[in-house]
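For this one, chain A is given, so just place chains B, C and D on it according to the hints.
4 protein chains.
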Amino acid sequence: MLNDIRSGRIAAPEFLQGLIDTLTQRGRAVLGIKPDRDVGEDRDLELLGEALLSRRGEASGVAIAQSLLAAFERAAEPQRLKFLSSLADRFGPDRHAIELAIAAYQRKEGGDGSKLEALHAAAEPRRQELIRRLNLAPGGTSSLVRMREVLLALLREHPELQPVDDDFVHLFSSWFNRGFLVLRPIDWTTSANILEKIIRYEAVHAIQDWDDLRNRLEPPDRRCYAFFHPQLVDEPLIFVEVALTKEIPGAIGPLLDKSREAIAAHEATTAVFYSISNTQKGLAGVSFGNFLIKQVVQDLARELPNLKTFVTLSPVPGFAGWVRRELKTEASAAIDEETRRALAALDDGGDIAQAKEAITALAAYYFLKAKLPSGKPVDAVARFHLGNGARLERLNFLGDASAKGMKQSYGLMVNYLYALERIEANHEAFAEHGTVVASDKVKKALRAKLSSRDLVPSPHTNSQRKISS
Amino acid sequence: MLNDIRSGRIAAPEFLQGLIDTLTQRGRAVLGIKPDRDVGEDRDLELLGEALLSRRGEASGVAIAQSLLAAFERAAEPQRLKFLSSLADRFGPDRHAIELAIAAYQRKEGGDGSKLEALHAAAEPRRQELIRRLNLAPGGTSSLVRMREVLLALLREHPELQPVDDDFVHLFSSWFNRGFLVLRPIDWTTSANILEKIIRYEAVHAIQDWDDLRNRLEPPDRRCYAFFHPQLVDEPLIFVEVALTKEIPGAIGPLLDKSREAIAAHEATTAVFYSISNTQKGLAGVSFGNFLIKQVVQDLARELPNLKTFVTLSPVPGFAGWVRRELKTEASAAIDEETRRALAALDDGGDIAQAKEAITALAAYYFLKAKLPSGKPVDAVARFHLGNGARLERLNFLGDASAKGMKQSYGLMVNYLYALERIEANHEAFAEHGTVVASDKVKKALRAKLSSRDLVPSPHTNSQRKISS
Amino acid sequence: MLNDIRSGRIAAPEFLQGLIDTLTQRGRAVLGIKPDRDVGEDRDLELLGEALLSRRGEASGVAIAQSLLAAFERAAEPQRLKFLSSLADRFGPDRHAIELAIAAYQRKEGGDGSKLEALHAAAEPRRQELIRRLNLAPGGTSSLVRMREVLLALLREHPELQPVDDDFVHLFSSWFNRGFLVLRPIDWTTSANILEKIIRYEAVHAIQDWDDLRNRLEPPDRRCYAFFHPQLVDEPLIFVEVALTKEIPGAIGPLLDKSREAIAAHEATTAVFYSISNTQKGLAGVSFGNFLIKQVVQDLARELPNLKTFVTLSPVPGFAGWVRRELKTEASAAIDEETRRALAALDDGGDIAQAKEAITALAAYYFLKAKLPSGKPVDAVARFHLGNGARLERLNFLGDASAKGMKQSYGLMVNYLYALERIEANHEAFAEHGTVVASDKVKKALRAKLSSRDLVPSPHTNSQRKISS
Amino acid sequence: MLNDIRSGRIAAPEFLQGLIDTLTQRGRAVLGIKPDRDVGEDRDLELLGEALLSRRGEASGVAIAQSLLAAFERAAEPQRLKFLSSLADRFGPDRHAIELAIAAYQRKEGGDGSKLEALHAAAEPRRQELIRRLNLAPGGTSSLVRMREVLLALLREHPELQPVDDDFVHLFSSWFNRGFLVLRPIDWTTSANILEKIIRYEAVHAIQDWDDLRNRLEPPDRRCYAFFHPQLVDEPLIFVEVALTKEIPGAIGPLLDKSREAIAAHEATTAVFYSISNTQKGLAGVSFGNFLIKQVVQDLARELPNLKTFVTLSPVPGFAGWVRRELKTEASAAIDEETRRALAALDDGGDIAQAKEAITALAAYYFLKAKLPSGKPVDAVARFHLGNGARLERLNFLGDASAKGMKQSYGLMVNYLYALERIEANHEAFAEHGTVVASDKVKKALRAKLSSRDLVPSPHTNSQRKISS
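Residue numbers (this note's numbering), protein chains in the order written: chain A, 1 to 469; chain B, 1 to 469; chain C, 1 to 469; chain D, 1 to 469.
Excised from the complex, chain A in its bound form (with noise of 0.2 Å):
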């Protein structure tokens, strides 16, 4: 309503455009600001943060927050990063209080449960109150949620805004809550400007056109679905592209032809999810792409009996770059001296066919072996899915033959499945141990390729055996 007032689609009365006005100035007054000075705008972000922690009640809270957000949204980065870094000390924890309240709790005074509770708040940054109130504007979520993307392009050279953006990450854990978010289709009848973020945020497999995208909504053997938050109408936050196939694919080629002959959804058995995207960058790390899968293998199993199976065709971005990174490791446990002349000959423009072998079996050794320190897998995608619960089903050679996908996995796609009754177990086996699971299929590779270096000895015996047991 706000919006369609300020852009002039509603007529607001002058009466209410008084009682903004007089809220807005009255603000300012109170705090000594001067109207539309050029200057000072940043001491002016901290003030009215100031203004809108101490004041008692809430008479012009909404106000202030409003001016606040649209001041932030006004200012230069200068200013921005300012505001930001006062975020980090002036509205980080009260060092007083906090000394207090550790003396009164090692005193432990009158009980310690209250004391506990006074200690937790006084190591409250006072921040994390001040992010409240300002959601309290219309449209604050979503202003914030912009303030924190601004923030994270700041942090890599601002390393002391880190905690700032740890309470961000709290506070929007909580607001956007499963429990909050709804799933919605999108098809060919969604509205315009929701499609056109569709298009827009399609991080996978790049959408061309209107045509490329109604191509993925309108057969009845497409879906699409997002999630929304009631604060971020028509904002997808996430979504899903979907094909119904009767077999799993290994090529994303077919899928996405436009002149390929659609099927009845009906006939379909298999559910094929082929890119999955995130939409907002303010929202990183508050994670809801597990829920979107198992949320829409629940609504597709509903609405079609006759799937039975759900699994992805999925990228393998890492994968090229640590081929890369094993060949200049002359000691690489990966890479034999077959494999070196395989890809050697590649470079020199040979036949990729040729190389099928090879890269298969490299692949195989990429997923199960390769690992962070952590003991996670090096691939982020398959990180993703195996912490769903997913299983590594499929390594597809030239899955994916586009300048793009030669270039990040040499071709490579892969299929994670979605098996509902296997998926708690997966998942723990994998937070737990860091077990990878995979089909036979994929182990079979793995296992040929150890088997052809015959007596060299692999630096990764522990997680080979999870793997063969």
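Bear in mind the hints are in silico, worked out from the structure with no lab data behind them. Incorrect hints may have been included.
If several chains are the same, the list does not tell them apart, and a pair holds so long as it fits within one copy or across any two.
Lysine-lysine pairs mimicking BS3-like chemistry, simulated, CA-CA at most 27 Å apart [to be verified]:
| no. | residue 1 | residue 2 |
| --- | --- | --- |
| 1 | 443 | 376 |
| 2 | 308 | 82 |
| 3 | 356 | 308 |
| 4 | 443 | 82 |
| 5 | 115 | 82 |
| 6 | 258 | 197 |
| 7 | 371 | 407 |
| 8 | 407 | 328 |
Computed from a prediction, not measured in an experiment: that's the story for all the values here.
For chains B, C and D alone, kept in the frame of chain A given last:
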């Protein structure tokens, strides 16, 4: 949808039912819990709580949360108390972690920003995260509101649960933040399941039946608005009933009279808020009333530009009780001999009209001078409206001549005026100095009373000065 | 929207009000009508009708139609009758045009296709176009339905209005064509303004109050559906109440019992249509009942695959009246001495249970043999369901022991079975040969009765033969 | 829903499918039609038509109507023509019945009210009832609109189908009565499947792509509205595009310029209807354009009280063609030597700016004096707007400099002014006397032209007089 399935409105395909069963059974298996045991349900609640917190990742978080909430709803009171008590201790802060965090903080190793964060995290009761995860379940928010209702009922006899309640309030305040609330008009086209809640929850002037309800919703000079939360579908959180009139009314009877003549909305100059009711006991202390009134004032002002006056017609629930207490106080500053006589005559069956002057003067004293130790007025309704920035506008003798009205306030009703351009100033005067902003007429009623007592010294000189200045 | 403006819910900007006034006044000016006259309102109606028809084009059609309909609603009965009579004559067919058209047709000049068209056009009463143009006004359809309600009330005393009514039926049948009707479930989330109409219009088993209504809508084993028309917003045209049960019920009492135990919807095997009510008197004779039942059968079958039996529990409104008439007929073929005695005993306060056999046999005769001159059954409800293709399934002695039930049918109720695969054949047998399709049990009850009378010859041999063939 | 089932979006339970099959097969069985025959599909159509009409009652009406419409859509052109021809003869009026009805009417037995009715009924072509019954099928209205589209395409070569078309228009006019149309704003939140129709159907200024579309819908100073019919879901019937401006625009280019600066809606004083497009060929001749414009004027006036001027920016599609025809007419009253020279210079590649005066004067003549035999202006767009009661306000030289614009009208565009308080008078002047209501400026342009030709007598003295009076 799940509710539909449970109620049998939608047939859950076997597949899906299997999924839910699998997750639940598996959850139980993991925990070593045997299904359908009669004993030890309380232990289950705590175990489920631990499971919900300990599980790395969230593969079964939703299912466990659902099980715990369902088990709590089924549990008998002793088991519920036991679980809530475990929230107070078992799921309280981790003391060992706190000691370590305090020590680390006090050593101030490695810069103390992160140490502070660690301290805050350590001091956070584990129940906070537990409650956040319970909110993952479908319908979780609603279940948690009911859980707190149970908690509130136990609180008086179990003050040790107070910290648990504080955490509920803290989290609910974040989730029921103004930014997440949706204002909706309630009228005769509203669905019956919502309307029956309006009937049930009306706390000020009881709604007798559906005809009475219609009389408050359908005429063109009547309005009703409620706040809803996306997670509590079809559950109004708070609602206000409004009459559109040509003048500030002094009595509730004519407003609710079924035989009155309605006027056209655009003829009205005055919007009268004659009833405000909260509906969710479990949300006590999470305040939305002030937002509701201000939003309704804005919306009405936009819709009906002829409206110039926004005013309440409010009960004075504490008046008669306060008078009775003062009567017992021999040296009451409020009650002089004449007043005492007038009230005695009333008790002897005298005509109330005779006591008009005495009661009105006494009421002026009650509002302007009778204070709590905190310096705020004794009257709870007054605290609410004055705290919102309204002004005490008029004392209405015999505004509510019903038995209830006579009993609680000698029939007195009052109007609080919401003048938007004064709201913030009024609010500040009240919040910072306890000033009761009142119309000249009300203040004059007090002065008349005080001067009539001539030489009797006032024990509240300070606040008097404030008022008369 | 216009209704909102009129009721004052929306402030009509002066501009718009001006527009409406201008059009209306101008309309009056053109017609030489002075505003607000008390006399001659009836003349205005006819003049407005002529204006609506004569105006070339439609510049003010909407405004004139609106004026005419509003004037009709305001008019007193004599004026209304006068206008409706003018529809019969003044706005009847143009005789002169007809004579010319007949002459042209009979000369068959220039091929007769166009002559036929001209004849048809000439023979069309002018009121048809008038009614079509009245439908241009906002809310026009609704006003016309009310106008016909007035017409129907006058028809008995003014049979000359019959052709007018025929044209209403003709046009309404086109506008309320099945294709334009929308089926909507009615439940406890339906808006109160619709539900109060359900209460008001329920014609079979009166709904006492809102609790009774809820008892019919909210339990999981209850359903209600209504047809709506886009132009009659919030006005159900016809609705059916459905109980989901585990067997075919024989009595209405247990179905409506507020203390009964509800079952889950998916447990039910049988859907019972226990009440069907039309709501708009003005749409009498425009039939949607058969579409409603068939649509509901389809929708329920889709939603609840366990439902195998679709059946009514219906009153027998004409039974007692018919029995009384037969009792007075000395040589009644239906009533033998034994039956006569049983009924006499009943009249003397005898136990109805004693009369079970007599009444059941008599009912079998009533349904299977008592016919109108048209050859159709005497019972109106039977004609409706049999005409829809249902089968008379069961006679339920004491199915409705209420005072009303006892009075109209000695407590008898019956079930009509809708077996989808038999509907068409049943319908044809009934429509073309008058055959009452009935279950063996019902037919047996008749045979028992007839054979008991042994040698008494039946005066309805033909229809009997049909039944037993 | 049925569409969903057919497309496979919803799994039709076997039961339901069985029902549909049963009905359809049974329908075929009754008719002696074998399923899936290749030959004789055309005969089927007629047989199905007879079945639909002859069946007493409606047990299978919906199924038969559905079969007939589906068969028609599948049929090849010869079969379709055959069926449409059968509508003209076989399903024409029943001549025998007509002869009897005429005879009865002429005998005037028994009062002639009912005879007239009988005559009207007899003269009604049987196809009218057939078409009404076809409308019973789900989606029937939509199918019938497409059927008429087929009919219109055949009409030129088969004039004998004209009476069939007349009946379609008659019935559609009743079903698409203003009272049944719903106005909806079209904007960037409208669903894509509707928006793509806006792109496809825009007939005046083609929409290039989705960006172009957005440029016409999303800016705060742009609006679009369409009429919808409840039976043609998601199918706009007609739509108008509106620009909000500060003055009456003279050229289309700046309005559609993607780089222009938008203004706030409440700043606008003028609403410009710059494109009106019908979408359904099958509804040609069923007019809603005038209702659309008037409704949009009302809605905009309500929403934006600052709007004072409602005007079109319209093409002049017939202008250049008319000029070319006049050029060939030696004694053209419209074209004098000077004009002839100016146009010749233009043809030789001369600067159009030189021809401004000649073209403007010629245009004034074109609008004010060039008439059809009916006395109406030659220009179709002018007939539409003048017929609606608009005034020809301004001639805009080079209003549309696109190739299309230059070709059809030498770049000329015009504004028609909708002044609500004058609409009715203008409409009447035009409808009854053919008067072209025009602004003084336009009339002056004509006078200038005429006086420049001095003594040349006008062949249209009458209409000239009207104009200058």
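Status of the hints after comparison with the structure:
1. For the identical chains of this complex, residue 443 and residue 376 are intra-copy neighbours only, at 17 Å inside a copy versus 74 Å across copies, given an alpha-carbon limit of 27 Å.
2. Taking identical chains as interchangeable, the C-alpha atoms of residue 308 and residue 82 are never at most 27 Å apart, the minima being 55 Å within one chain and 43 Å between chains.
3. For the homomeric pair residue 356 and residue 308, neither the shortest alpha-carbon distance inside one copy (30 Å) nor that between copies (57 Å) is at most 27 Å.
4. For the homomeric pair residue 443 and residue 82, neither the shortest alpha-carbon distance inside one copy (53 Å) nor that between copies (49 Å) is at most 27 Å.
5. When the C-alpha separation of residue 115 and residue 82 is checked against a cutoff of 27 Å, the pair qualifies only between copies, where the shortest distance is 23 Å, while the shortest distance within a copy is 34 Å.
6. In this assembly of identical chains, the alpha carbons of residue 258 and residue 197 lie at most 27 Å apart whether taken from the same copy (21 Å) or from different copies (20 Å).
7. Within a single copy, residue 371 and residue 407 get their C-alpha atoms as close as 22 Å, which meets the 27 Å cut-off; across copies the closest is 70 Å, which misses it.
8. When the C-alpha separation of residue 407 and residue 328 is checked against a cutoff of 27 Å, the pair qualifies only within one copy, where the shortest distance is 17 Å, while the shortest distance between copies is 69 Å.
Of the numbered hints listed earlier, those contradicted by the structure are 2, 3, 4.
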